[in-house]
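Protein chains in written order, with the numbering used here: chain A, 32 to 448; chain B, 364 to 649; chain C, 63 to 459.
Simulated from the structure, these hints should not be mistaken for laboratory data.
Glycine included, C-beta positions come from ideal geometry on N, C-alpha and C.
Please note that the accuracy of each hint is not assured.
Unchecked claim - One-sided excerpt, in silico: chain C residues whose CB lies under 8 Å from chain B: (1) Y114; (2) M123; (3) I134; (4) H158; (5) I288; (6) G291; (7) H295; (8) V296; (9) Y306; (10) V308; (11) Y328.
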Amino acid sequence: MKAEPKNVNTGIYYIDGDVAAGQGALAAGCRFIGGYPITPSTKAAETFAEIAPKAGAVFIQMEDELASIATIIGASYAGVKTMTITSGPGYSLMMETIGFGAMLEAPFVILNVQRGGPSTGSPTKTGQADMMQARWGSHGDYEIIAIAPESPQEMFDYAIKAFNLAEKYRCPVMIMADECVGHMTEKVVIPKADTIELATRKFYKGPKDKYLPFKPDKDLIPPMAKAGDGCNLYITGDTHNEKGYPISSQNLKTKTHKSTTRRLIDKIKLNADKIIELKEEGIEDADIIVVSYGISSRVAVKGIELAREKGIKVGSLRLITVWPFPDKKIAELAKNIKAFVIPEINYGQVVFDVERCAHGEANVVLIPHGGAGVHHPEDISDAIEYADRENKKIEKIIEWKTKLEKLIFEKGFKLKE
Amino acid sequence: MSTLKTIKSNEVAHPMENLLRMDRIPHIWCPGCGIGTAVTAFASALDKSKVDLDKVCVVSGIGCTGRVAGYVKLDSFHTTHGRAIAFATGITLGNPDLKVVVFSGDGDLISIGGNHFIHAARRNVNMLVICVNNFIYAMTGGQVAPTTPLATYATTSPFGCVEPPFNIPYIADSSGAVYVARWTALHVRRLTNSITEALNKPGFSVIEVISPCAMYYSRINKLGDGLDMMKFYHDNSKIKHGEDTKNLDIGFQTPITVGKFVDRERPTYTESYKKWLSDIKKEKTK
Amino acid sequence: MKTNSKILTGTHNLSGNEACVEGAIAVGCRFLSGYPIQPAIKIMQRFLSRAYKVDATYVQMEDEISALAALIGAVWTGKKGITATSGPGLSLMMEHIGLGVMLETPCVIVDVQRVGPSIGIPDHPGQGDMMQARWGSHGDYEIIALSPSSPQEMFDFTIRAFNLSERYRTPVALMADEYVAHIKEKVIISPEKEIKIEPRRYYKGPKDKYLPFKRDKDFIPRMVDIGDGYKFHVTGLTHDDRGYPVMNEECQEYNVHPLIWKIRNYVDDIIDIKETKIDDAEIVIVSYGAPSRIAIKAMKEARKLGIKVGSLKLNTVWPFPEKRITELARKVKAFVVPEMNYGQIVLEVERCSYGNANVVFVSYAEKNVDNVDDLLSAIKQVIKEKEIKKEIIEYHT
Numbered sequence: 032m033k034a035e036p037k038n039v040n041t042g043i044y045y046i047d048g049d050v051a052a053g054q055g056a057l058a059a060g061c062r063f064i065g066g067y068p069i070t071p072s073t074k075a076a077e078t079f080a081e082i083a084p085k086a087g088a089v090f091i092q093m094e095d096e097l098a099s100i101a102t103i104i105g106a107s108y109a110g111v112k113t114m115t116i117t118s119g120p121g122y123s124l125m126m127e128t129i130g131f132g133a134m135l136e137a138p139f140v141i142l143n144v145q146r147g148g149p150s151t152g153s154p155t156k157t158g159q160a161d162m163m164q165a166r167w168g169s170h171g172d173y174e175i176i177a178i179a180p181e182s183p184q185e186m187f188d189y190a191i192k193a194f195n196l197a198e199k200y201r202c203p204v205m206i207m208a209d210e211c212v213g214h215m216t217e218k219v220v221i222p223k224a225d226t227i228e229l230a231t232r233k234f235y236k237g238p239k240d241k242y243l244p245f246k247p248d249k250d251l252i253p254p255m256a257k258a259g260d261g262c263n264l265y266i267t268g269d270t271h272n273e274k275g276y277p278i279s280s281q282n283l284k285t286k287t288h289k290s291t292t293r294r295l296i297d298k299i300k301l302n303a304d305k306i307i308e309l310k311e312e313g314i315e316d317a318d319i320i321v322v323s324y325g326i327s328s329r330v331a332v333k334g335i336e337l338a339r340e341k342g343i344k345v346g347s348l349r350l351i352t353v354w355p356f357p358d359k360k361i362a363e364l365a366k367n368i369k370a371f372v373i374p375e376i377n378y379g380q381v382v383f384d385v386e387r388c389a390h391g392e393a394n395v396v397l398i399p400h401g402g403a404g405v406h407h408p409e410d411i412s413d414a415i416e417y418a419d420r421e422n423k424k425i426e427k428i429i430e431w432k433t434k435l436e437k438l439i440f441e442k443g444f445k446l447k448e
Numbered sequence: 364m365s366t367l368k369t370i371k372s373n374e375v376a377h378p379m380e381n382l383l384r385m386d387r388i389p390h391i392w393c394p395g396c397g398i399g400t401a402v403t404a405f406a407s408a409l410d411k412s413k414v415d416l417d418k419v420c421v422v423s424g425i426g427c428t429g430r431v432a433g434y435v436k437l438d439s440f441h442t443t444h445g446r447a448i449a450f451a452t453g454i455t456l457g458n459p460d461l462k463v464v465v466f467s468g469d470g471d472l473i474s475i476g477g478n479h480f481i482h483a484a485r486r487n488v489n490m491l492v493i494c495v496n497n498f499i500y501a502m503t504g505g506q507v508a509p510t511t512p513l514a515t516y517a518t519t520s521p522f523g524c525v526e527p528p529f530n531i532p533y534i535a536d537s538s539g540a541v542y543v544a545r546w547t548a549l550h551v552r553r554l555t556n557s558i559t560e561a562l563n564k565p566g567f568s569v570i571e572v573i574s575p576c577a578m579y580y581s582r583i584n585k586l587g588d589g590l591d592m593m594k595f596y597h598d599n600s601k602i603k604h605g606e607d608t609k610n611l612d613i614g615f616q617t618p619i620t621v622g623k624f625v626d627r628e629r630p631t632y633t634e635s636y637k638k639w640l641s642d643i644k645k646e647k648t649k
Numbered sequence: 063m064k065t066n067s068k069i070l071t072g073t074h075n076l077s078g079n080e081a082c083v084e085g086a087i088a089v090g091c092r093f094l095s096g097y098p099i100q101p102a103i104k105i106m107q108r109f110l111s112r113a114y115k116v117d118a119t120y121v122q123m124e125d126e127i128s129a130l131a132a133l134i135g136a137v138w139t140g141k142k143g144i145t146a147t148s149g150p151g152l153s154l155m156m157e158h159i160g161l162g163v164m165l166e167t168p169c170v171i172v173d174v175q176r177v178g179p180s181i182g183i184p185d186h187p188g189q190g191d192m193m194q195a196r197w198g199s200h201g202d203y204e205i206i207a208l209s210p211s212s213p214q215e216m217f218d219f220t221i222r223a224f225n226l227s228e229r230y231r232t233p234v235a236l237m238a239d240e241y242v243a244h245i246k247e248k249v250i251i252s253p254e255k256e257i258k259i260e261p262r263r264y265y266k267g268p269k270d271k272y273l274p275f276k277r278d279k280d281f282i283p284r285m286v287d288i289g290d291g292y293k294f295h296v297t298g299l300t301h302d303d304r305g306y307p308v309m310n311e312e313c314q315e316y317n318v319h320p321l322i323w324k325i326r327n328y329v330d331d332i333i334d335i336k337e338t339k340i341d342d343a344e345i346v347i348v349s350y351g352a353p354s355r356i357a358i359k360a361m362k363e364a365r366k367l368g369i370k371v372g373s374l375k376l377n378t379v380w381p382f383p384e385k386r387i388t389e390l391a392r393k394v395k396a397f398v399v400p401e402m403n404y405g406q407i408v409l410e411v412e413r414c415s416y417g418n419a420n421v422v423f424v425s426y427a428e429k430n431v432d433n434v435d436d437l438l439s440a441i442k443q444v445i446k447e448k449e450i451k452k453e454i455i456e457y458h459t
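Bound-form chain A, shown alone:
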């Protein structure tokens, strides 16, 4: 299906990432956004509030983030494409209901413009420290999809991609942007509506009385019926069977019921190859591979350039989708290289998965950064140089000491007077 022309403001713009995300959501056919103001994501909500009414879409500002996420899951079951917009603290508040949405297999998108954390942290500065939270933040086992854009153009493009994935796999999809990308102003091309391909939700077409809300097709995804279709839906966050009815502890003991929880994980894991999108550059003959995502991959470009000038064979693997994690790809690459170098604006999150999938075949070097800024390209090139020199297999994550860390903890931190 193509995008509707009324939703697409075709043209070439000079806008920031947040605005581009708002435009992207509308172009993807989003009909409902429930949000709550939080820096640095507010501009995306404001943009949607401004452009939505003309296209017949709705923006509502809820009383908090708990309500925002609950309202969009409701809207999702009313049959429309929906999204919410937030940042770290709001994202933490959404955790309970993200699990609820995953359990209900409601398609929806969350835009998280990450900032410096933990707690209130640095609201106007950047960070990438919610990556593991996106994967593990709600209680119980579930899987989600997370995409990390690196430019305003990608904020637009991947907003559309996120909606397509959500509708297709009936799961929460997170756009894990960061303050840099959100507030960065660049050229954004919004193409013509007929060039934008949209996925449509698989709706149930069979007889109403035969509908089982959680009975999957072969692709492990159940067709959806929306509220008001006359299927007498019973949808619950309780662990449920195909009918949607809760399973009790007693049911489990007597093994009379099978829950759908395992499938929540399998439908993503087994479809991972179709979901995962990576960008590879110069990895064929590389000794060192820089694994990066989001704004860090833009900084890494310079670091890689510096290292190549010194004659080191460096490749770049950019994770466009961070979750599900490309286990197989990393394991394959590990066999032929010396080391992975991972610059992240946190003290080690995605690096743990790289370490896990490398299975000791390649060294793993983490370049940490506390946030409120991006890496120094020289830190990246220095780490690459070190990784190239190191011929021993080191069976733990090598934490690179950055210039900033040395500056502050060796020379002493001065209080601002």
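Fit chains B and C to the supplied structure of chain A, relying on the hints for placement.
Coordinates of chains B and C only, in the frame set by chain A:
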């Protein structure tokens, strides 16, 4: 114990030096904002009410008013968005001898923290809540708030607000607050008196301070600068003590009723809890 | 802090939840704020029924968000405090776990895990919140999590949780599960003088010189109580030693990196693992919580069959004993990890084994955790594996 310092002729000092964190001044508030006035009234009230400053604790949430905790020279906590009252409940139950003041904005206390507001009022937890109401989320750049009057513009209601606003004194009254008053940033003397009175009152007290937001609310709605808003308050505020809180709705640029509306006695949570503890002890030792 | 001599020294028949409360009272905890949720309700009830004897404060808040917020507030008045919840409640607490970390507030959060995600099955045990405990709040931080496997351990670990939280000034999670919380077993409560209590590290210097986040030699900033006249300010924003917000790269590094170091530098002191028959083991069962009860059984059964199996029980799950697993991986053929979820801690085991040993996952999610057969059959199958598979193995029974 008077805390206001007398200034010697050769000494340059702020008269409220003892009550403010001078090492953090200048503050972040915009010219024309009313939060500073509310803080001044609070500081003067602290001085007037003769409370032991060591035993006063200020808790704020997030937002422009949320920054108050960082500027008062008292034990002060800048907590998460909407949870100042919940945090303060823990403090006042942990040490009932403290005088806990929650100083935060309308979005923080009434929107995201609305649930904690009504429940703390219901329990009658010992605390004074000073709620600065500027009708908008100012820290994040002018979004619609639960207090934004109908048809008013904000960045997330670009075609005019369609939701009716909350009447804060009415919520406080009906949830069980023992002291409810409303003043504007213009009524500095009356506000100070009100805070002084409430500081000495056990139980859950609420003082709403209507404040101009010259940066967003008045700019988006073309209401002029801070001074114009103050003139509006001057011309349109009506003092009606004891007015039924039902009648305190605020519309867009409509007259504002101010005054002290509720002053009553109810057992506080701490009192009830202590009584319960001693009753059950007696019963068990019989 | 003085403990009230209201410790029930002696031998009792207690459920895990009840033992947890006795542990808390024994270590001097006098504040509980919570919100009712199964299967953790008994902790609230027991605490309330004991409150009048020990002059403790109990409050049922309006939700889990406020429960943890109130707890952090109360701790700053000088109290030791606890809250008890289960999965959905823990999800709601996530934002304040971050605040607790940022304000470096010692407190204990008990999570009696049930089946998830979402509402799940409230009266069935699960272990699906383990990764959430580590990663659930936004931003970067480290946390300590303990995992008891019996009512006696609920008592002992609650005491240790308080001591660790005071020592490292951080929230500590006690990750129990419904099985351990509801089973009734013998619990021995030792005499008062034998219970080790870590005192809070208070600031002793002049009042006007107090800096709330100035790290002492032991890496921990000193605390003061509200109302003692220090007139300090603390904030969830990135802050300097004075507790004042500073928004730049340097301060972010200065503030947040030590939050990580203060745990990572002391892992040897924090980590507590129990090893059984590991010296000659070819296969090691890595377990925590309720499944470690069957790990020992499976170990014995397997040894009867001639398979050399050892057991490694994680009493502390976070920080993870990375070094020990890496060491063992070089010696053993395989790790077998039983968990009541769809694979969480097994990922950590895979990560730390560096491709030197096979890693087998046995899921006890939505199953009866008394059943040794699944675990035993996995052991029997993995011993036949000839080579190291570089992925997590799951045998389907």
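Okay, which hints does this one fail, numbers in order?
-> Hint check: 10, 11 fail, others pass.
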